[in-house]
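Modelling step: build the complete structure from the supplied sequences, incorporating the hints.
For the record, the sequence lines run as chains A and B.
First residue of the first sequence? That's 1 in this note's numbering, and the numbers climb one at a time after it.
First residue of the second sequence? That's 1 in this note's numbering, and the numbers climb one at a time after it.
Hints listed in this document are in silico derivations from the structure and should not be mistaken for laboratory results.
Don't take each hint at face value.
One copy or any two copies: either way a pair holds, since identical chains are not told apart in the list.
[Claimed, not checked] Straight line, CA to CA, 16 Å or less: simulated EDC-like cross-link-like pairs of lysine to aspartate or glutamate:
| # | residue 1 | residue 2 |
| --- | --- | --- |
| 1 | Lys235 | Glu268 |
| 2 | Lys229 | Glu44 |
| 3 | Lys230 | Glu268 |
| 4 | Lys127 | Glu268 |
| 5 | Lys127 | Asp261 |
| 6 | Lys235 | Asp261 |
| 7 | Lys126 | Glu239 |
| 8 | Lys230 | Asp40 |
| 9 | Lys229 | Glu268 |
| 10 | Lys246 | Asp261 |
| 11 | Lys229 | Glu95 |
| 12 | Lys235 | Asp207 |
Predicted model only: the values in this text are computed from it and were never measured.
2 protein chains.
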Amino acid sequence: QHYYSLLSLSRETIYGARNLLHSIKVGIALALVSLLYLVDPLFEQVGENAMWAIMTVVVVFEFFAGATLSKGLNRGMGTVLGGGLGCLAATLAQEIGGTGRAIAAGTSVFIFGAAATYYRSIPTIKKRYDYGTMIFILTFNLVAVSGLRGEEVLALARERLSTIVIGFGVAVMTSLLIFPIWASDELHNSTVAKFSTLALSIEGCMDQYLKTFNGKDDNEISSTSDSCKKVLNSKANDEMLANFAKWEPWHGKFGFYHPWDKYLCIGELLRELAASMISLRGCIQSPLQTLLSPQQRFSSKEPCEAVAMILACTLREFGESINRMRKSRSRALVISKVQIMRLEISEAMSSASITENAHNYELEISTFVVLLMEM
Amino acid sequence: QHYYSLLSLSRETIYGARNLLHSIKVGIALALVSLLYLVDPLFEQVGENAMWAIMTVVVVFEFFAGATLSKGLNRGMGTVLGGGLGCLAATLAQEIGGTGRAIAAGTSVFIFGAAATYYRSIPTIKKRYDYGTMIFILTFNLVAVSGLRGEEVLALARERLSTIVIGFGVAVMTSLLIFPIWASDELHNSTVAKFSTLALSIEGCMDQYLKTFNGKDDNEISSTSDSCKKVLNSKANDEMLANFAKWEPWHGKFGFYHPWDKYLCIGELLRELAASMISLRGCIQSPLQTLLSPQQRFSSKEPCEAVAMILACTLREFGESINRMRKSRSRALVISKVQIMRLEISEAMSSASITENAHNYELEISTFVVLLMEM
Numbered sequence: 001q002h003y004y005s006l007l008s009l010s011r012e013t014i015y016g017a018r019n020l021l022h023s024i025k026v027g028i029a030l031a032l033v034s035l036l037y038l039v040d041p042l043f044e045q046v047g048e049n050a051m052w053a054i055m056t057v058v059v060v061f062e063f064f065a066g067a068t069l070s071k072g073l074n075r076g077m078g079t080v081l082g083g084g085l086g087c088l089a090a091t092l093a094q095e096i097g098g099t100g101r102a103i104a105a106g107t108s109v110f111i112f113g114a115a116a117t118y119y120r121s122i123p124t125i126k127k128r129y130d131y132g133t134m135i136f137i138l139t140f141n142l143v144a145v146s147g148l149r150g151e152e153v154l155a156l157a158r159e160r161l162s163t164i165v166i167g168f169g170v171a172v173m174t175s176l177l178i179f180p181i182w183a184s185d186e187l188h189n190s191t192v193a194k195f196s197t198l199a200l201s202i203e204g205c206m207d208q209y210l211k212t213f214n215g216k217d218d219n220e221i222s223s224t225s226d227s228c229k230k231v232l233n234s235k236a237n238d239e240m241l242a243n244f245a246k247w248e249p250w251h252g253k254f255g256f257y258h259p260w261d262k263y264l265c266i267g268e269l270l271r272e273l274a275a276s277m278i279s280l281r282g283c284i285q286s287p288l289q290t291l292l293s294p295q296q297r298f299s300s301k302e303p304c305e306a307v308a309m310i311l312a313c314t315l316r317e318f319g320e321s322i323n324r325m326r327k328s329r330s331r332a333l334v335i336s337k338v339q340i341m342r343l344e345i346s347e348a349m350s351s352a353s354i355t356e357n358a359h360n361y362e363l364e365i366s367t368f369v370v371l372l373m374e375m
Numbered sequence: 001q002h003y004y005s006l007l008s009l010s011r012e013t014i015y016g017a018r019n020l021l022h023s024i025k026v027g028i029a030l031a032l033v034s035l036l037y038l039v040d041p042l043f044e045q046v047g048e049n050a051m052w053a054i055m056t057v058v059v060v061f062e063f064f065a066g067a068t069l070s071k072g073l074n075r076g077m078g079t080v081l082g083g084g085l086g087c088l089a090a091t092l093a094q095e096i097g098g099t100g101r102a103i104a105a106g107t108s109v110f111i112f113g114a115a116a117t118y119y120r121s122i123p124t125i126k127k128r129y130d131y132g133t134m135i136f137i138l139t140f141n142l143v144a145v146s147g148l149r150g151e152e153v154l155a156l157a158r159e160r161l162s163t164i165v166i167g168f169g170v171a172v173m174t175s176l177l178i179f180p181i182w183a184s185d186e187l188h189n190s191t192v193a194k195f196s197t198l199a200l201s202i203e204g205c206m207d208q209y210l211k212t213f214n215g216k217d218d219n220e221i222s223s224t225s226d227s228c229k230k231v232l233n234s235k236a237n238d239e240m241l242a243n244f245a246k247w248e249p250w251h252g253k254f255g256f257y258h259p260w261d262k263y264l265c266i267g268e269l270l271r272e273l274a275a276s277m278i279s280l281r282g283c284i285q286s287p288l289q290t291l292l293s294p295q296q297r298f299s300s301k302e303p304c305e306a307v308a309m310i311l312a313c314t315l316r317e318f319g320e321s322i323n324r325m326r327k328s329r330s331r332a333l334v335i336s337k338v339q340i341m342r343l344e345i346s347e348a349m350s351s352a353s354i355t356e357n358a359h360n361y362e363l364e365i366s367t368f369v370v371l372l373m374e375m
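Pasting the structure below:
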């Protein structure tokens, strides 16, 4: 247990250091892209359009490398598509001529804006291409409307696009080359940490249950309950990380087609386990427990402890095997272990009613096994 | 039950219609702001800066009225602050003169960029002012760097700010005046819907439990389990909605200082209840149930049904009272009801082990009562 608290302490400081690192990286990227303005020969090349490079860096640079890549590529696609369609709309409107021009441009802005916004609200699009469609709307609008003013839209669009590419390049280089912060590492580590959190929490629960003979110790309960709730509420965060991780290139121990969706499945199962943990804690804290005679409690003590031990060990082992990314054991071994556990729990069942709850875990763990086999 | 499925059906169509409505509103706002370009007298006033108005509308216009307001105000604050500090930095750098100027500007960009990014990563700031700090960085950078080029920065900043205000005005007007979509309504309705979802799910669970005598019906189980999981995973969404709701002005039945944080507390309790539901379902589905003799099961049938009925009714009542926003009954009445329930459950406990689980609910519901009293 000491080892684990040490681990979480060092993780805290790592988080603080990461934020600092990220800030410094943003500062570097901004200073680099400002050179476009500050160095005279560069400024003569790009002119006022350097503004777009700065804008791109500020908007695209995100905490995780995958997020930066995803936003940058989205921005690029959105600009190209929106610019192309905008040019088309502008030239069509030019051919109409007269006041009809303004009306045509206004209508095309309305139609494309509404259509793209509706497209954007579709959940699957929203998840991956939300930013891209926004940039599409923006670029289309700017190009279609300013094209009417008779300027050389194409040249303008080309220049802007090139500065956006420069901005993207600066952002991606600083994000990926200077101590990159990978969303995939984060997802991997947080999944592994969840296993040990739940194992700790099962043990804490058992300690608590056995302690109630002597006197209550509410602090510990609330701390394990908090960590369970953190696991329970991790869905949104996990999905975000998996989404970014998919954009990240091959690096470290992760290949190109690492099964990120598997992490989400495992997360789902861990959340169910956390839900059971929370309700088990409710049972232990309940005043009904005092209705049981001490004899009844003592009789249920041993099987409970055994079940909790096995569960905690299995969780730790699974966590470790995910951490090292290898099949923990041969399929048969794990399954036979689960079956033994099942038997033990049935025995416990007959002697004590409280272990009814513990049964849930075993069910979910057997589903785990199937999943882990696929890794 | 028929009533509830009808309700959810109509909600589906309402959601589709809302997306369509939102798209049309965005289209209208874009067409309106494009008039700055398209109508000659207006264009003579603002010139190329009309671009910033379009950009503001595209970026600021969000689905919920509160989100639009929050983003717009953030953008305004960020622009003013960043512009002001940027002007200061530019004039200071001017006074240095020579190549020192460029170095001074570069360093100030680095320092302010890194500091603001670090500030942005603080959770409480990130939650409400993330967008504002981003705009601050952007504006500061643009102004500080382009100020070196000796243009009349102040005039430029003033013009841009005024077009941003125009864009903000157009976005907020269309968002708030044409069929506004309120985040507060959404939060309120989703909280109420959670109550009825859980009530339905308790009833479904009981039906399922009693049906296992005859034959299994796995479809129903998985559907109620899905709805429970939806409640379980609602935390991130709820927090986002509450965050937007705080920005929304007085409207409909909600006052200015509506206790949105209370909704989050209630949501937290409902999630705990959903966690218990899921683990209860695990118990019912478990093969251990078959170990119980039919006699044992029949003996536990009646108290189980009674408890489930009372729970479902209480949940519905609470949901209804939140919906109508009045204290459902006098404090004493509700508490006495809960105490009766507690007694009944104790009786049930002595006769059957399965109801151990049902006990959790009762615990949580008593915490509910305290919370509801405060509404």
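Right, here's what the structure says about each hint:
| no. | hint | in the structure |
| --- | --- | --- |
| 1 | Lys235 / Glu268 | both (8 Å within a copy, 15 Å between copies) |
| 2 | Lys229 / Glu44 | neither (57 Å within a copy, 59 Å between copies) |
| 3 | Lys230 / Glu268 | both (13 Å within a copy, 12 Å between copies) |
| 4 | Lys127 / Glu268 | neither (19 Å within a copy, 25 Å between copies) |
| 5 | Lys127 / Asp261 | within (14 Å within a copy, 27 Å between copies) |
| 6 | Lys235 / Asp261 | within (12 Å within a copy, 21 Å between copies) |
| 7 | Lys126 / Glu239 | within (13 Å within a copy, 19 Å between copies) |
| 8 | Lys230 / Asp40 | neither (53 Å within a copy, 57 Å between copies) |
| 9 | Lys229 / Glu268 | both (13 Å within a copy, 10 Å between copies) |
| 10 | Lys246 / Asp261 | within (9 Å within a copy, 35 Å between copies) |
| 11 | Lys229 / Glu95 | neither (62 Å within a copy, 56 Å between copies) |
| 12 | Lys235 / Asp207 | neither (29 Å within a copy, 30 Å between copies) |
This entry does not satisfy hints 2, 4, 8, 11, 12, going by the numbered hints stated previously.
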